[in-house]
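So the protein sequences, as listed, match chains A and B. Mapped onto our numbering, the consecutive letters of the first sequence carry residue numbers 19 to 251. Mapped onto our numbering, the consecutive letters of the second sequence carry residue numbers 1236 to 1484.
Don't take each hint at face value.
[Claimed, not checked] Listed below are the simulated SDA-like cross-link pairs for lysine to any residue, each with C-alpha atoms no more than 20 Å apart in a straight line:
#: 1; chain 1: A; residue 1: K203; chain 2: B; residue 2: S1337
#: 2; chain 1: A; residue 1: K200; chain 2: A; residue 2: D180
#: 3; chain 1: A; residue 1: K200; chain 2: B; residue 2: H1289
[As the list claims (entries may be wrong)] Where chain B lies over chain A, by a calculated footprint (3+ residues, C-beta under 8 Å):
#: 4; segment: 99–105
#: 5; segment: 182–192
#: 6; segment: 233–239
It is worth saying that the hints were derived from the structure and are not from the lab. Everything numeric in this text was worked out from a predicted model, so none of it was measured. Just so you know, even glycine gets a beta-carbon here, dropped at the ideal spot from N, CA and C.
Below are the chains, spelled out letter by letter.
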Amino acid sequence: MQIDIGYRPAHSMARVALNPGEQILAESGALVGMSTNVSMTTGMQNKPGGGLLGGLMAGLKRALAGESWFRNTFTANGGPGEVLLAHAMCGDMQVVEVPGTGLHLTSSSFIASTPNVNIETRLQGFGGFFSGEGAFVMQASAQGPNQLVFGSFGGITCLNCDGNLVIDTGHLVAWDSTLTYKVGKSGGGWIASFLSGEGLVCHFQGQGRIWIQSRNPIAYGQYVGGMLPPRKG
Amino acid sequence: MQMQPMAGGMPTASAASVAHEITHGPSFALLRVDLQPGQTLVTEAGSMVARSSHLTMDVKMGTKKTLGFFDMLIGIVIAFVRKVMGGESFFVNHFHGSAPGSVWIAPQMAGEVTHRRINPGETLILSSGAYLASVGDIDVKMKFGGLKSILAREGAFMLQVTGNGDLWFNSYGGTTAVDINGPFMIDNGHLVGYEGQLQFNLKSAGGGMLGFMAGGEGLVCEFNGTGRVYIQSRNVNSLVGWLSPLLPQ
Chain A
19 MQIDIGYRPA
29 HSMARVALNP
39 GEQILAESGA
49 LVGMSTNVSM
59 TTGMQNKPGG
69 GLLGGLMAGL
79 KRALAGESWF
89 RNTFTANGGP
99 GEVLLAHAMC
109 GDMQVVEVPG
119 TGLHLTSSSF
129 IASTPNVNIE
139 TRLQGFGGFF
149 SGEGAFVMQA
159 SAQGPNQLVF
169 GSFGGITCLN
179 CDGNLVIDTG
189 HLVAWDSTLT
199 YKVGKSGGGW
209 IASFLSGEGL
219 VCHFQGQGRI
229 WIQSRNPIAY
239 GQYVGGMLPP
249 RKG
Chain B
1236 MQMQPMAGGM
1246 PTASAASVAH
1256 EITHGPSFAL
1266 LRVDLQPGQT
1276 LVTEAGSMVA
1286 RSSHLTMDVK
1296 MGTKKTLGFF
1306 DMLIGIVIAF
1316 VRKVMGGESF
1326 FVNHFHGSAP
1336 GSVWIAPQMA
1346 GEVTHRRINP
1356 GETLILSSGA
1366 YLASVGDIDV
1376 KMKFGGLKSI
1386 LAREGAFMLQ
1396 VTGNGDLWFN
1406 SYGGTTAVDI
1416 NGPFMIDNGH
1426 LVGYEGQLQF
1436 NLKSAGGGML
1446 GFMAGGEGLV
1456 CEFNGTGRVY
1466 IQSRNVNSLV
1476 GWLSPLLPQ
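Just chain A, with the same shape it has in the complex (with noise of 0.2 Å):
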């Protein structure tokens, strides 16, 4: 299958073009339009072969992490087909290949995949917790060639970190699960941290890639919130 992206990077669209017969795997509300021939079935599915109490409790986790509970899957039946697909929010979206070593993916970035990439949802621990960010993040996996969608608030950078980098958690999209991280404070000591306004970083250890998005949805919600009327009740 080809993934294009066009309108990138504020308000990105993917036009995927399947080949007769191919699937691709989408969040639930992703979808924008489709050919007539694409088909979509809905289900929990995660792995394949997990059964009910498997799907119910990939389902579970991911409604935890910010996910939706269901997956859909566009087959091209009898043709070529083509589907296209967008974020909820207006940002940036980039197709990645998901490497043997794996791909770590903030919860609510992933828009699609080919059905062979496994996503896991995993507990980050409390420092991802209180950062306001989710306690939660995916890890990709998968085996052979495969194609993955992700999707940011702000536009997409990817930078190599070749030993160390900290970055703002509000601001992490996906990186490599080669690198080690570690959530904790930007300056040296609470008040520090509390003024300078940066709360959590994360510090990232090792050789991988990291993808970070150019505004932080947490604190634009808040920016713009403030000025919002008080709700009622």
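The hints should help you fit chain B onto chain A, whose structure is shown.
Relative to the frame of chain A, chain B by itself:
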């Protein structure tokens, strides 16, 4: 009168300016500054996206390296008033290191980041909230804008930038520089900053009381003189007005 859209996508490293690059403009602009030992990057609190691990980050109350006692006292009073009347956080971060390193900076709102080289003798006035970062001997003072400023929805304070160094400011939407020579009107909420021999007054956009209350166009800033005005292509008040009825009750 000429309109010039700001080009933010090119990497620049001249003898005069600090090496930096602005990407993903004009909607989600991201600034990367490459620091050499001895250079200090001052940024608005909360704007860091990423940095090289070995750079040190200090939290300070102003852009100057050291503040006298009275400066700090005045600073605390102004910080309190600003908190109450809206505007930027008063704290800034100073990034520096003993080896070359990079810092990635982004504002909170969707929009553009513009670089401006400030030379001695120049004064740039920015709306509070527009300051993002600076390198060099840049002094950012808060000026009380008066009732005029409050009614223009710019907040009570404007920022006065002078010195010798590099400055980056942000906007909501894209930034356009307009060189003016004579009267020019800007809708309130679209002003980012101005420089030169300019004064502005508040005027009604027309339509009298009905225009003011129902038209949503109410007050405009009329600039007069010779200079340059920076405007932004989006208006935060319009965003808030659009979002409010869509929220769940």
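How the hints compare with the structure:
| no. | hint | result |
| --- | --- | --- |
| 1 | K203/A - S1337/B | holds, 19 Å |
| 2 | K200/A - D180/A | holds, 16 Å |
| 3 | K200/A - H1289/B | holds, 16 Å |
| 4 | 99–105 | violated (count 0) |
| 5 | 182–192 | holds (count 6) |
| 6 | 233–239 | holds (count 4) |
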